[in-house]
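Participant: Start from chain A and add chain B according to the hints.
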Amino acid sequence: MTAIQDVLADLYEGERHLASELLRVGDRHEAEHDVFHIARDLSDWSSDHGRRLADAAKANGQDLSTGRPRPTSLSGDRWWTSQHLLGRHSNPGLVLLHDLQAIYLAASYNSLLWEILAQGAQALSIGGLLELSTSCHPETLRQIRWANTKLKESAPQVISSQS
Amino acid sequence: MEYSESIDRIADPWGTRTPYPRGGEWPVRVDTYLGAAAEPDGVSRWVQTASLLHSNGDAMDIAVSDGKMLGVRGRAVDRVNRGRLGPKDLFGWQANASPDRLTRPLARRDGRLIEVDWDTAMSDVVSRSRALLDERGPSSIAFYTSGQLFLEEYYTLAVMARAGIKTNHLDGNTRLCTATAGEALKESFGCDGQPGSYADIDHAEVIALYGHNVAETQPVLWMRVLDRLAGSDPPRLLCVDPRSTPVAERASIHLAPRLGTNLALMNALIHELIQRDLIDQRYIDSNTVGFDELDRQTAQDTAERAAGICGVPTTDIIQAAELLGSTEALLSTVLQGFYQSHQATAAAVQVNNIHLLLGMVGRPGAGLLQMNGQPTAENTRECGANGDLPGFRNWENDHHVAELAEIWNVQASDIPHYSAPTPAMQIFRYAEEGSIGMLWVSGTNPAVSLPELHRIRSILAREQLFLVVQDIFLTETAQMADVVLPAATWGEKTGTFTNADRTVHLSDQAVPPPGEARSDLEIFLDYARRMDLRDKDGGPLISWSSAEEAFAAWQRCSRGRPCDYTGISYERLRGGSGIQWPCNDEHPDGTERLYEEGAFSGEPDYCETYGRDLATGAAMGEIEYRARNPDGKAMLRAAKYSSPHEMPSEEYPFALTTGRTIFQFHTRTKTARAPQLNAAAPEVWVEMSEPDAAAHDLAEGDLVEVASPRASLQAQVRVGYIRPGTLFVPFHYGYFDEPGGNEPTDGIGRAGNELTLTDWDPASKQPIFKLAAARVTLLRRGGGVPAPAPTNTGSRPVADAPATVGGESAIALETVVDEAGGP
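Going line by line, the protein sequences match chains A and B.
Quick note on the working numbering: the first sequence kicks off at 2 and runs consecutively.
Quick note on the working numbering: the second sequence kicks off at 525 and runs consecutively.
Pulled out of the complex, with its shape left as it was, chain A reads as follows (with noise of 0.2 Å):
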């Protein structure tokens, strides 16, 4: 495998991985209806993202729906969600402070690759790759702002009723 199609099935497994994290955490905190309805959203985009990854990767003879496991050692969620503080806590509003941060960490890690997957297109000149860049990672960093807001506007209830 070449470098860039290296970078291109890490990016198809993250936003895979991304999709269904959003998901799983919008229906485990269904009762917050705003995380419930935007993390299906967001969801969406990624799974679009996705998409296009494999029509892109087809173009250039690679199949991206075999996968591959994500490496742990970069996006490092086993760690994460064993080692975490906060994951630790069965309070509801702890553990949807925790899952903000998941999501914001993965979506950090698809915005990194999709930073190197527009340099290298760029150096490469393969513009296609770089048009998908522009068009999706404004999505990836959408995602995190959300995530970051969200916590932001969570947090000071979650920490002032249980302290």
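Derived by calculation from the structure, the hints in this document are not laboratory data.
Do not rely on the hints blindly, as some may be mistaken.
Stated by the list, open to error - Subject to a maximum C-alpha distance of 27 Å in a straight line, what follows is the list of computed BS3-like cross-link-like pairs (lysine-lysine):
(1) B/Lys-1164 with A/Lys-153
(2) B/Lys-690 with A/Lys-153
(3) B/Lys-690 with B/Lys-1060
What the hints assert, rightly or not - Interface residues of chain B toward chain A, partial, derived using beta-carbon atoms under 10 Å:
(4) Pro-758
(5) Gln-950
(6) Tyr-954
(7) Leu-1281
Given the structure is predicted, the values throughout are model-derived calculations rather than measurements.
Glycine included, each C-beta is placed from N, C-alpha and C at the ideal position.
Facilitator: For chain B alone, coordinates are given in the frame of chain A:
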């Protein structure tokens, strides 16, 4: 020349026409109604006020004799209505004297509400407040107020809640009706503030109404349009509404999109305007940022694509764009059809975009009215009773917070500004999960007006929630309270309030409040005193004790901000017309329009917000704002259409919307007690189209069950002029006048909001009332008796039905003053 006519104002809600030409003066027509108790010469005095049953600000005088209200008469001198009154204005005042007014405080003892004195009631509230503050802190206390109190009351509440209790949980029910208007204005212009003026109707060539059945929500404003339509050089109307309302009937183009697709329609209009080169590039370059992004984002949004999504003919969309782009004077209005629907802020912002693309801002006839629903909703936004910092200040701007801290003489850190204020639906979520222990509700009825009522009832009924309800009747919400505080209403207290086009009116006290009821201002001041709320020097946090003093305090707070009231006084307001803010040294007689010559309020140091992502509600941040808009220009904001969250399905094949009728207001607390109004629209109904009725073997008057995934209600069918596939249910009909009291009797629902879902716009946090999936099941044939829906409004029937009339008791006088000397 002066001539008078007597008109049944239920049969003819908008009264007689007084045509006038484009650019002309809207004539005076004084409407008067004196109730049965009035003697011909029995009016001892007339007391100045304006309407409290919609956001138009219809100025009127109350007829008083022997300490009683006898009737009302429009004020000819006022810029808003020139003497005219709508049906609710003419008849609504009668509810004030209803025998079931709350006259004594109530407190819950052993599960029942019993009468107590004020000291006892307030002690309950204060002791619970203190206990919660000690044990759990300010975040355990929340205030949920109204869009129907006075300016002075909102400002007092804002200071009390934000700097006294120091909670971030403060919002008004304006979250349900007008939050999107404010948010859309902030996103486009950097600050809240109504750009246009009602006077723009006098000069407009084209008037576009988006989700705004103005004929029924602001009847007097519609009268102004009707008078232009009857004059020479009438405007052409574009109406976007799934129903064939009185507005749609007069429109040159009526678009009836599928529920939830407003943004797709708006994006196509913008796409067509750009593609057909109908835009004002010079205005765009000088006055806006963001054009390239908007152009890029709407590149695929052809009329054809929108036609498929919206179910509207392609040619109609193109014609609409051409109509908008072909005029030199475009006025647009927006209301709940956009604000309470899917992608509300995004769609409302596109209306702003159209005006910016066409250069239609700040000139006579080139106007933008993001409307309000409630009479004093404007004041909640200005005074901060919706949680925003008073004076359109930015909670993310430390200088703004410091300025406020100085005005209030508190530490900046005393004013919660660590995140946006908690919106109403989130307050109810916190009450549901238990982190809020006390909720003080003033002048609103969430047990009928919030979505998904089954859930709301269970939240309000929670043992762990101490519920204080301040109101004028024992509403559905008050029935569930721990403490009920009897309040004075309009006409029983003095104060000011502001309408949707920035016109400030004075409302003088005409009669005393009944029994031991007190003004909301007095109640808030009493609480502040008993809680011993102090400023940083140990003096009382709230230094005023009268309405006029509170107004003066507000003036100081408003100085230098867009909503500058420093040039307005009770004296100036008394006897004359309402005055539009800003009114200060620079604009000593008030200001007709904002943003003339592109002078916006969006400079980074001055603006009210750095903006939100329209799809996610994420905060954009100061750094990005400064980079994006360093010169404070108007902002063109783009947004992509996405499908609604709840769509019709096989199980629930209809798209259901909720809304209003001209004759009722909100949860009927007042209008059900005004005989003429209640008789005209006494009961709930469900509107469906003729093809749907035929396909489902249903006829006018049949009793059906309407069910959504959450709950059901029963209503008679009105076969009317609504988009096929769509149902309409008015949301007014709660349970206070039924055995159930605050909930369905024997499980039979009646309130439209039993069916609606818990979902809100990410940017404005306004709940979605205009889209739910539903199904209909026949219960009982109507046998030829039509549904109890009015026949002379948007709910008019396809089949013949007895016309809605008021009869003798609804006769009002119209007096037209014709300067020209002829009718």
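Participant: Each of the hints needs a verdict: does it hold here or not?
Facilitator: Tested hints:
Note on B/Lys-1164 and A/Lys-153: the hinted pairing holds, with a Cα-Cα distance of about 25 Å set against a maximum of 27 Å. Between the alpha carbons of B/Lys-690 and A/Lys-153 the distance comes to roughly 18 Å, so the proposed pair stays at or under 27 Å and holds. This hinted pair checks out: B/Lys-690 and B/Lys-1060 have alpha carbons roughly 13 Å apart, not beyond 27 Å. Interface hint at B/Pro-758: violated, since its Cβ lies 43 Å from the closest Cβ of chain A, which is beyond the 10 Å cut-off.
Hint status for B/Gln-950: holds, given a least beta-carbon distance of 8 Å to chain A, under 10 Å. Checking B/Tyr-954 against chain A: minimum C-beta separation of about 6 Å stays under 10 Å; hint holds. Interface restraint check for B/Leu-1281: the shortest CB-CB distance to chain A comes to about 8 Å, inside 10 Å, so the restraint holds.
Taken one by one, the earlier hints fail for this structure only at number 4.
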